[in-house]
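Trainee: Chains as they are written, first to last, in this note's numbering: chain V, 2 to 453; chain P, 2 to 453; chain S, 2 to 453.
Pairs involving identical chains hold if they fit within one copy or between any two copies, as the list cannot separate such chains.
For lysine-lysine, the following BS3-like pairs were computed, each having C-alpha atoms within a straight-line distance of at most 25 Å:
| no. | residue 1 | residue 2 |
| --- | --- | --- |
| 1 | K139 | K371 |
| 2 | K134 | K368 |
| 3 | K234 | K366 |
| 4 | K72 | K371 |
| 5 | K82 | K366 |
| 6 | K222 | K318 |
Everything labelled a hint here was simulated from the structure, so no lab data went into it. Fair warning: this is a prediction, and the values are worked out from it, not measured in the lab.
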Amino acid sequence: MKINKLALAAAVFMGGSVSAHAGSELTTLLMLLHENGTISDAQYQRVLAEAKATEQKTIAQTEDIQERLDKATNVEVNVNKGGLAVKSRDGNFTTQIGGRMQLDSAWYGEDDSAAGSTLGDGTKVRRARLYIKGTVNKDWFYKFEYDFAGTGDTRKGITDIWVGYNGFDFEGLSVKAGHFRDPFMLQDQISDNNTQFTERASIDAFTASRHIGVMGSIDRKHWTTALGVFGDKANTNGGSDDEGWGLGGRSTWMPVNEKGSLVHLGLAANYRSTRGGEVQFKQQPETNISGVDFVDTGKLLDVDSYLTLGAEVALVKNRFSGQAEYIRTQLERDTTSDLTFDGWYAQTGWFLTQDTRPYTHKGAKFKAVKPNSPFGNGGIGAWELALRYSTIDLMDGAINGGEMDNVTLGLNWFPVAGLRFSANYIKVLEVEGGAHDNEEADIMQLRGQWAF
Amino acid sequence: MKINKLALAAAVFMGGSVSAHAGSELTTLLMLLHENGTISDAQYQRVLAEAKATEQKTIAQTEDIQERLDKATNVEVNVNKGGLAVKSRDGNFTTQIGGRMQLDSAWYGEDDSAAGSTLGDGTKVRRARLYIKGTVNKDWFYKFEYDFAGTGDTRKGITDIWVGYNGFDFEGLSVKAGHFRDPFMLQDQISDNNTQFTERASIDAFTASRHIGVMGSIDRKHWTTALGVFGDKANTNGGSDDEGWGLGGRSTWMPVNEKGSLVHLGLAANYRSTRGGEVQFKQQPETNISGVDFVDTGKLLDVDSYLTLGAEVALVKNRFSGQAEYIRTQLERDTTSDLTFDGWYAQTGWFLTQDTRPYTHKGAKFKAVKPNSPFGNGGIGAWELALRYSTIDLMDGAINGGEMDNVTLGLNWFPVAGLRFSANYIKVLEVEGGAHDNEEADIMQLRGQWAF
Amino acid sequence: MKINKLALAAAVFMGGSVSAHAGSELTTLLMLLHENGTISDAQYQRVLAEAKATEQKTIAQTEDIQERLDKATNVEVNVNKGGLAVKSRDGNFTTQIGGRMQLDSAWYGEDDSAAGSTLGDGTKVRRARLYIKGTVNKDWFYKFEYDFAGTGDTRKGITDIWVGYNGFDFEGLSVKAGHFRDPFMLQDQISDNNTQFTERASIDAFTASRHIGVMGSIDRKHWTTALGVFGDKANTNGGSDDEGWGLGGRSTWMPVNEKGSLVHLGLAANYRSTRGGEVQFKQQPETNISGVDFVDTGKLLDVDSYLTLGAEVALVKNRFSGQAEYIRTQLERDTTSDLTFDGWYAQTGWFLTQDTRPYTHKGAKFKAVKPNSPFGNGGIGAWELALRYSTIDLMDGAINGGEMDNVTLGLNWFPVAGLRFSANYIKVLEVEGGAHDNEEADIMQLRGQWAF
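Please model the complete structure; the sequences and the hints are all you need to start from.
Mentor: Here it is, written out as C-alpha cells:
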C-alpha cells in the first residue's frame, strides 16, 4: 500500500497524471533491498518515511507549476500580423485590434483636345482605419471599425459596427445586426485591402454600401446565400421624415473551391425605397486624388425606389485569376419617367511569383494575398500583373450623365503579409456625353498599404 | 555536509523552496548502504559525485524554469469581457481597452389631433465609444474615451479624459483632474450602458454633463461625497471671452448596501456661472432618433448663473429595483426676471429571472447586469421588466417651454455579460404648452448594445 | 547501453538538454549493487525495466512542459508605461498601443495701456492622441496616430501614418513613407510630450510640420542626416489644382553623446513650392487657450516658393540642459517683392532633483524624462526649473506682422514616468508693430499630461 502510494507520488512528480507504476524504481529497489536483508527494518522505514514526506511536497509543487502554466497559457497573444490578436485557451473568447493605412499619390496626363476641367496631381491618405473585433461566449461576435481619413464633411466615419450570433444548429448560419455592407456586388464584398487594383471598377457608382440593418447568411464551402433588411447609414442624423429602407440579397455557387482553383458564380439584388427622395450616381475615372467625377447623373429627384441587379463570376487557376461583373439599376420615379443605368467590368491577374489569389467562402470573396516567399533572406515577396476593362453608362432619357470606358494596367507587390505596394496606369479610353465629354485623361497612381 | 547539500539540490529540483530534508531518500539510502558495508567507499564516493554533478545542473534548470514561469506570468491578459484587460502580477500596473456600441431603431405613432411636426422613423448609431484606461505605479490612474457616433457638428467627441490619484492614507479618497462628469444626478452617474431604459428620464435636460475640472471624492461602503470645480467642456475652442465655470457636489448615504439589498439616498447641487451667456433646456420624448424636442425653453439670454438641486433615492430587494429623482434649476438673469424649472421621475424594475440589479459604492450608482445563467447550454440570460413615469416642466413666467409627462414600459434582455437588447414603449401622456402642445405621440424603440 | 539511455532519460527529466551522465546516480547505484551481488539478475532487470518505463513518460512530459513554457513565453506583454506593449520572443514582431492626454488651463493678465483685444481665460484639451505602432518581419515598421482634440475644423486629425523599412546593410539607415514630420527644427523633432515648456518657442510659426512624403535617414551615435521629399498634408482634399511639394533635410553632429553629457549641433533646410499659392505666418504668445495671435503676417499671396533655414545647438551636463535655435525664412513671390522673416530662442533647464534630460540619436532629439526616484514611498519624482527667451520678427517691407519678445519661467514635475505637470509664467516683453502693438500681456499656464 505505502509503496504504491509512494510510486504514485513519484509519478505525480514526474508530470501529473501518470500510471501508478511509472517512476517507482527507487521504491521497488528499496523494497527488494529490504527483502534481501541488505537494509534493516528501521532503515527501510526511515527511507520510506523520507520518501513519503517528499511525496506531499512534490504533489503540492507539481500542482503549483501546473497552475502557473495554466495561468500562463490562459490566453494566446499574437502580434505576427502587425496588430494584436488575443485568444482564450478554449477559443471561446477572442479580441483583435488592427487597422489599415492606404497612402496614394497620382499624376494626371490630360487630353489637350478636351475643354474640361483639369485634374490636380497630389497625395492623399486614402483610408486610415482602426478596428476592434471579438468573440464572447463562443457564439457571439462583434466588430467596430472607424475610418479616420478625410476631414470635416469628407471624413468617412464609422464603417463597421455590428453584433452577430452563430450558435445555431445549422451549418454556416449566422445572423448579424448593426451597420455593415449590404450583401451586394463581388468587388464590394472584397475588402479594399484585397482588391486587385487601387480603386474598384467604375460600376462601384452603383454600390449598395453600408446601412444599419439585420442580415441572415449561410456560408458553406460550395454555396452561400445572404438576405438582409436595412435602414439608414450610420453617419446620418434623424429628423421629421421617415428614413428610407432597403432589402438586399446575394447568392453564390462555387462548384470548384480549392486552394488555387476556383469557379465562382453569383447573383445579387438590392432594392431601396427612397420615399420620393433624391439619388445621384457619379464616378471618378478609377482614381481618388483629384475628386473630379467624369460621369455624373446629377441629383435625380422624386425617386420613389430603385432596384439594382448584379451578376458576377470569378475564376482562379494557380497564378491566374479572373473576375467580371455586370450591374444594372432601375429607378422608379413618381412624377417623371423611370430610368435605367448599367455597367460592367472584366479583370484578370497573373502572379509572376509562385503565388495565388486566396478565396474564402465566408462572404464568398477574395481575401488577402500572403506571399509564398516573403521579402528578405532571398525572398522577393509576391508580384502580380493585372489588367482591367471597365465601362459605365449613366445616360438615359433626359439624363446626360455620360458614359466612360477605362482600361487599367496594374502591378502589385506584396513584400510581406499585410504590406502592399501598387502601381496603376489608367487610360480613359472614351468619355461620351456629360460635362467631361471626350476628356480622355491618363492616370499614374501609386499606393502604399499596410493592413494590420 | 555533502549529503545535506545534495538533499538541498534535490529539494530545489522538486520546486524551488523546500526544506533540506525533503527528497533526500536516495542519499539517505546511499549513506545507509555505505554504513552497512553493502557498497564500498569508492562506490559511495562515485555515486555521491554523480549526485553532486546532478545538483549543479538541476539548480540551474530549476531556476530557468522558474524564471520562464515568472516571465510567462508577468502579466495576466483577459479577453472574457470582449475587450482587452492586462494586469501586472502585482496589480500595480493595468491597461484596459474596451468600448460600447448602441444601435437604435424607433417607430413613431402620432396623435392625429396634434398640429405639430412629425417624427421620422429610423435607425441610428446612438453611441460608438472606445476607451483605454489604466493604472501606473499603483496610485495613478487615467481614462481616455471617445464617442465616434454622429457626424460633423453632432459628433460627440471626447467623453472622458482624465488622470486620478488615490495613494492617500485616507480610505476611499481620490482626486481626479481632466474632463469628466460633474458629480450630479443619479441617472447621469449611471453609465448609459446600465440605465434601465434606452434613454434617461426627461429631467436629463438639466444634466450637468462633463467639464474640464478637478474633483475630490470619498467613496465608502455606506456613504460617498464628491466635490469639484469645473471649467469648460472639452470640445470647445478658446477666444477673447473668459470661459464660464462651475461648482458641483453630491453626497449619498447607503444605510443598506449588500448584494441584492440596497437603500440609497442622495443630495446634489450644481452651480454654474455663465457670465451673462445663454442657456437652453430642451428634451425629446425619451427617444433619440427623430431629434425633435417636445419641450424647449429656447435660448435664454443674459443668464448670469444657475443653480440646480437634486434629491435621489434608489432601492433594491433581490429581483426588484426602484429609483426616483427630483431636480430643480434656478436661473439668475441680470436684466430680466429669474426663472425656475423642474421635473422628476420614478421607475421600477422586476427581473423575471434569478437576477438582481448590481450597485457599487464607487460613484454610488448601479452597474452592469451580469446574467446569472448566460444564454446558451440551457441558459436564457437575464430578463427584466421595467416601468417609468417622468415629468418635466419648462414653463415659468414668459417662458413657454412646455410641460411633458411620459410613461415608459421596458423589457431588457441580457443574454451574456456585455450584451443587452431593450424594447421600450413610450407613451407621451400629455404635452402642455410649447410648440408641441397636445402632441401625445407613442413610441416603439429598440436597442442592441454591446459593451466590451 | 540501457544504463546510458536511462541516464539520458533521467537527465531529460531534470530539465531537457543535459549531458548523458547527469542524474544517473540511481542507475549507477543499481549497477553497482548488481555487480556487488546485493541484488539478483531478476531484481536488477525488474528495477531497470521500471526505470525504462519511466523514461518514456518523462520524455513526453518534459516535452509537454517545455512546449507549454514556449507557448507561454511566445510573446512578452508589458503595461508598465500605462499603454500596452507586446513583443514576440525573437523581437521581430511588436505591437504597441498608447497615447497622450494634455489638459491646459490659462489665466491672462493684460497690459492696460494696450488697446488690443482681450485674451479669454479658460481650459482646453490641448492634445488627445492615440497611436498604434509595430514591427513586422523585423525590418518593417509602421505608426498610426490620431489627435482627437478640438472639434470640427479645429480637429487636429491624423498626425503620423507611415511605413518604414530598415533592413539595409548600412548601419542606421532607414526609409519611411507616409505622413510624418519634415526633418526640420530641433524643437519640432522633440515630441510635445517632452518639450521643456508647455508651448514651443514662437519660431514654431515657421514649422515645416507634417506632410505625405518619403524620407531616408541615417542615425548614428555621433551624427545623423535625413532628407525627404514631400507632398501635401494628410487632412486635405484633392481638386483641380496640383498640390504643392517640398524638400527638407537636417544634419546633426553630436561630438559628445553620453548619458548626462551632450553637445549637439545641427543645420536644417526646408524648401516648399507653393505654385503661386498663399502662405501665412502667425503666432500666439506661447499659449494656446485664447487662440489670439499676437504676431501675424496675414495671408501672403502669390508666393511661388519659400526656403527656411535653421541652426540649432543643445547641451546637457547632468542636471543642466540648454537649447537654442535660429530660424530664417525667405519667400519668393512672382508679382511682388520677396520677403524675409526670422526669429530665435534660447532656453535652459536645471533639475532640482538627481535627474537629467535624456537624449536619443534616433531623430537627434530629447526624449521623455523618467524620474530617478518616482513619487511614492518617499520618492518625490523629478523637478525641473526652466527659463526661455524667444523672439520672432514678422515684419518686412510692406508686411507689418509685428515682432514679439517673450520670456518664460517654467516649473516641471514628473511624478512617475509618463506623467508630467507643468506651470509656465510667460511675460510678453514687447510687441512691436502689427495689430497687437504694445500688448504686453502676462500669462499663467498649467498643464497636466499623461503619455502612455
